[in-house]
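Please model the entire structure based on the sequences and the hints provided.
Protein chains: 4
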Amino acid sequence: MAGSIFGKHFQISTWGESHGKALGVVIDGCPAGISLSEEDIQKDLDRRKPGQSPFSTPRKESDKVEILSGVFEGKTTGTPISLIVYNTNQRSYDYSEIAKCYRPGHADFTYDEKYGFRDYRGGGRSSGRETTARVAAGAIAKKILAEFGVDIMAYTLSIGPVSIDPAKFKRDEIFNNFLAMPDQEAAEKAAAYLHEIKEREDSAGGMIECVVNGLPSGVGEPVFEKLDAMLGKAILSIGAVKGVEFGSGFNAARMTGWENNDFFQYDEEGHLTKLSNNAGGIVGGISDGFPIVFRAAIKPTSSIHRMQKTVNKAGQNIELQVEGRHDPIIVPRAVIVVEAMTALTLVDYLFERIFSRIDLIKKALL
Amino acid sequence: MAGSIFGKHFQISTWGESHGKALGVVIDGCPAGISLSEEDIQKDLDRRKPGQSPFSTPRKESDKVEILSGVFEGKTTGTPISLIVYNTNQRSYDYSEIAKCYRPGHADFTYDEKYGFRDYRGGGRSSGRETTARVAAGAIAKKILAEFGVDIMAYTLSIGPVSIDPAKFKRDEIFNNFLAMPDQEAAEKAAAYLHEIKEREDSAGGMIECVVNGLPSGVGEPVFEKLDAMLGKAILSIGAVKGVEFGSGFNAARMTGWENNDFFQYDEEGHLTKLSNNAGGIVGGISDGFPIVFRAAIKPTSSIHRMQKTVNKAGQNIELQVEGRHDPIIVPRAVIVVEAMTALTLVDYLFERIFSRIDLIKKALL
Amino acid sequence: MAGSIFGKHFQISTWGESHGKALGVVIDGCPAGISLSEEDIQKDLDRRKPGQSPFSTPRKESDKVEILSGVFEGKTTGTPISLIVYNTNQRSYDYSEIAKCYRPGHADFTYDEKYGFRDYRGGGRSSGRETTARVAAGAIAKKILAEFGVDIMAYTLSIGPVSIDPAKFKRDEIFNNFLAMPDQEAAEKAAAYLHEIKEREDSAGGMIECVVNGLPSGVGEPVFEKLDAMLGKAILSIGAVKGVEFGSGFNAARMTGWENNDFFQYDEEGHLTKLSNNAGGIVGGISDGFPIVFRAAIKPTSSIHRMQKTVNKAGQNIELQVEGRHDPIIVPRAVIVVEAMTALTLVDYLFERIFSRIDLIKKALL
Amino acid sequence: MAGSIFGKHFQISTWGESHGKALGVVIDGCPAGISLSEEDIQKDLDRRKPGQSPFSTPRKESDKVEILSGVFEGKTTGTPISLIVYNTNQRSYDYSEIAKCYRPGHADFTYDEKYGFRDYRGGGRSSGRETTARVAAGAIAKKILAEFGVDIMAYTLSIGPVSIDPAKFKRDEIFNNFLAMPDQEAAEKAAAYLHEIKEREDSAGGMIECVVNGLPSGVGEPVFEKLDAMLGKAILSIGAVKGVEFGSGFNAARMTGWENNDFFQYDEEGHLTKLSNNAGGIVGGISDGFPIVFRAAIKPTSSIHRMQKTVNKAGQNIELQVEGRHDPIIVPRAVIVVEAMTALTLVDYLFERIFSRIDLIKKALL
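Residue numbers (numbering that gives the first Met the number 0), protein chains in the order written: chain P, 0 to 365; chain Z, 0 to 365; chain A, 0 to 365; chain U, 0 to 365.
FYI, nobody ran anything at the bench for these hints, they're computed from the structure.
Note that this is a predicted model, so its numbers are computed, not measured.
Some hints could be false.
Chain copies aren't distinguished; within one or between two, either way the pair holds.
As the list claims (entries may be wrong) - Taking lysine-lysine and the DSS-like style, the derived pairs with C-alpha atoms no more than 27 Å apart in a straight line are:
no., residue 1, residue 2
1, 74, 362
2, 48, 63
3, 312, 362
4, 361, 142
5, 42, 361
Pasting the structure below:
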């Protein structure tokens, strides 16, 4: 109940610090009978792993996942699945400076205020490394959703001033460039921008877009647990996310009802369609069977080598140059984290859909 | 567990449909010893009440709240507080048309898909009227927060193309115009825009900004229950909200680390300050003691008189003109709902701050 | 989160005091599509209603239930069901004495200690009258369970020294005598005992047994949410219950493994049977498809007219004679409360069984 | 949400099977600032460790606990504490027989029914070995409670027909004999009984009593989360527990109100006392400041060498002799598990007491 447990049915409990022995997650509520191997999880972990691009921290971590429980003879047993990833590369480097001051943009100050002291090694629990556990659990959620035909695709929409051109969208391209951009040209422009930012010892932010196909209609709860509210919470829980919007999003504030309403129409084959998807696939908090579309704004990496003003605990104003290994941009590595949080949210509400109707419950039990 | 319960400690359970006998809320977890009267709650309900402006539905509702339990001799007892508001003005009007088709922008279709059928009278549970219960509970949360020096202020930031001018910000003005805008000139421009929109039988959207002063540092939980994630969920759970952003929000995606980081400095008196508040008062999901600032995008009202394309349940494409009494803009009435949801979220996490540290727990119990 | 909310999926939030305006319950998570009327609920309320026997308080309450939301055209909509029962007979009688002292056996002292003050009118929230809301919600849970073939039967097993004779068990008899005993002779003996107890201005306790037939195997969760643990919590949450046991219960402490183990056997038709049911239908916290059997011990009514020693808030030792209208025995009226709490627990875990296996989830959704 | 998570604030998530790589627990919600070492936890684990007495399984397990996160510089950080215990002695022995049949008294059948298949190695998740994680987490809860003066003492009350003599109660004796009995003579009689039971290739059950001193008044919530209901759930969640009773317990069913009510009296020094404690320190679900007293009935170990009747999955009635290493009695090893579950429950409700009153919340925050 202190923030590290997520989910209602497929419930995950994550743990671990940036420079501790290991990180991990315990999943309680994964149904029995799903074939699961470490490879299923590893492939997603490899997507967020550091040290794979000129734009991510050179810190080398194998990030190998180990399944400690909950799987027997290749299948989930329905009991808790415990996953662990050991930290193998915490450079034993001097944190005495950082221990005494507050890095701008980081949670150093707020953790001290909240807990009275903090694990200052690499940010401790507030480090982005914590997302390793989310991605591991999310890989299982994605595997389950795939069995129901639900496909989650996130990608980098923009980096600093460089946005993708929808006309040049290529899904495969997401995996072909370091920046997880589905548009090769934009990726090249963004890379050039990042090289320049790096030289200035600065960092950049960007946007991630996520599209979910195949989610049936009727998923989500009314009032407080609207599907967009729950997805919003999940995405905003990722460090560095400063905003989230669904469908027409912030533009809706400037549109009129006539412009923003999605008109229903039956096509020639009599299938229900919509003439637009400004709703982003969610109306009244419940999925309408059309693609779920949302975007997240990611702030620039807080750690920069450039000299910054800040204070120390001795009550002095100081100038600080943050040492260590940083990503000039974290957006590309956050793409898989967005997919993971989306999957963890959807698997819960997809299952819960059964409880909305007595006929669905009877289908399962009688 | 089906969406109508909100909160961890100050936990509310809301109920009621647009055209049912009544709406209400049960609050479990309100501490004992708080003086509470129906007036304390009524003053907020009066802020969202319909029929008060040329831009809100003429439906007349007294929206008088009644306390049914949990208060004894003017004080909360610590046991559940049950609040009820009777529906007095459900115009007995013909819903047979709406029962057979799906209104664009409304939850008619998604509710049918989820539940198999729906209460089609005025949107049933999906009606904005549901927020009456939120505002009633929120008024109590706001009263508690006030005892801790926490002040919540929400207002209309923009309507369609018209935004307020920060230089002309006047808090009192929020209560002086029909549009809850803290800038009189902007309010007049927006009113003119709305008259035009109304003539075109269309509707408008807008943005709400919320600023929280006096919240101590150290409020919020790490990882999944970051304060911005929880506030985001709360705000996105309000029907018609399509996006939410904190501090520099979506602009952060275009800024650099140097531009976006808030530098700490001690002022002459040795008080800790920040040279900017791009974080919106939340870092690592925990409050830093500076103002909490966020914005929500509200879509234009879905109900418009203008003829729209849609389908009926008989499988036909039809043209629909939505009858009835509608707001051409719901933003001004949503302002108090944003305050309520903010208060309901903050009261939970302010209390929970105690559990973060053994010294705080001892202060209370030993 | 302060004790008045029960359940995981079929989640109820109860409210109301003995001498307040009304009592009620909000049910969130009742599936859509169940036909429901006030009569369905009233018939169970009538079983716990006071003033129906020489052994229950003469306080007259119609206890008429009203459905305020969540039902449309005779069917549940899947949104919150709000039920209310008005208090019509709070005798305006003088509580000034009770306000100043602590009645032995009652929660007067503990409520003052916990909340700092209390609603002293008839026990306020700690009154047994609170169970009205449980029975109302339980009636709906029982109706749902019946659609799955689950039958719950509770009855008075003993009153003071008088126990039923299993050989004379008649289910109909439960409804034929004032004491809800399935054995007419025992009921007559118990009635004689109660008349004597009443003359001594004292009160009696007893035991309730509950048998559940038709619950499928595989219901219940491992480790902390074993079906017996959850039923135990539900039953122990009924005021006056001092103990609960399952199957062979406390006798198991004296038996050997050989005596207590239930041996499986296939009968002639090849159906799986057990040669005994010492487990009470639950093994490892999960139902085995045989009858669930448990017993609860109910303490004697705390309110007695006989003079008792106690203290007042002025720090004095006093003698107290509790005025007012009391049941010399509450066991018979508690029988329906036991059924209600059993139903509320089982409906949750029966539904949750679906989430244990991916094949059941697919049966419902694909 | 599938049974392996316990607690509201000090929330634990346990995992692991009898013959898996390891078992463990993640604790979310442990306050920051508590000094904690592996030794603090190990000393309780050593109390439940197998192979320490002639009456426990000869399976040798070091059961060494390792802290993987949540502790920095000897103090809890307020973030998740992950504890792991490796299984070092899973004898690689032939389970092919057990895989095909159902052991009487074990969860083999119910797990197959619930999950469709099971990890048959030593009972998998249903093994008593799962309690290792409870004891590890409970040790931390006990350490916190000790800082508030709360002392938990559980012991063996009876084994088969042999009960302790209250007149001979010696607390130290609990740690001096293999059976955790506070009465040396009774321990010797019980040992003799167990030797005889062992020779008959049978097993025995018994009772555990738990007494909590120093718990302040006002702990516990009304209605559904009464302190006795929550303790009851916690204790009944321990495998093999068949019943639980508080204070006068099942005897209360035979007592009269006059006999069972605890009369309050002020003593010479003016301290409030009670002339009896039939309530077991809990009235209306809330602690009254007097000792909490409850008892649990433990069934005899299900695994016995003696030949038993059962069935196999091939549909045949068979005779089964359960091989392997079994405890003829598990009561003594369950004593520390009872203490752990009691501590885990009390720490939650002790903390929650703060939320009952606005004055306590202000004491902590203002």
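We went through each hint and held it up to the structure:
no. : hint        : in the structure
1   : 74 <-> 362  : both (24 Å within a copy, 19 Å between copies)
2   : 48 <-> 63   : within (10 Å within a copy, 32 Å between copies)
3   : 312 <-> 362 : between (62 Å within a copy, 25 Å between copies)
4   : 361 <-> 142 : both (26 Å within a copy, 14 Å between copies)
5   : 42 <-> 361  : between (37 Å within a copy, 26 Å between copies)
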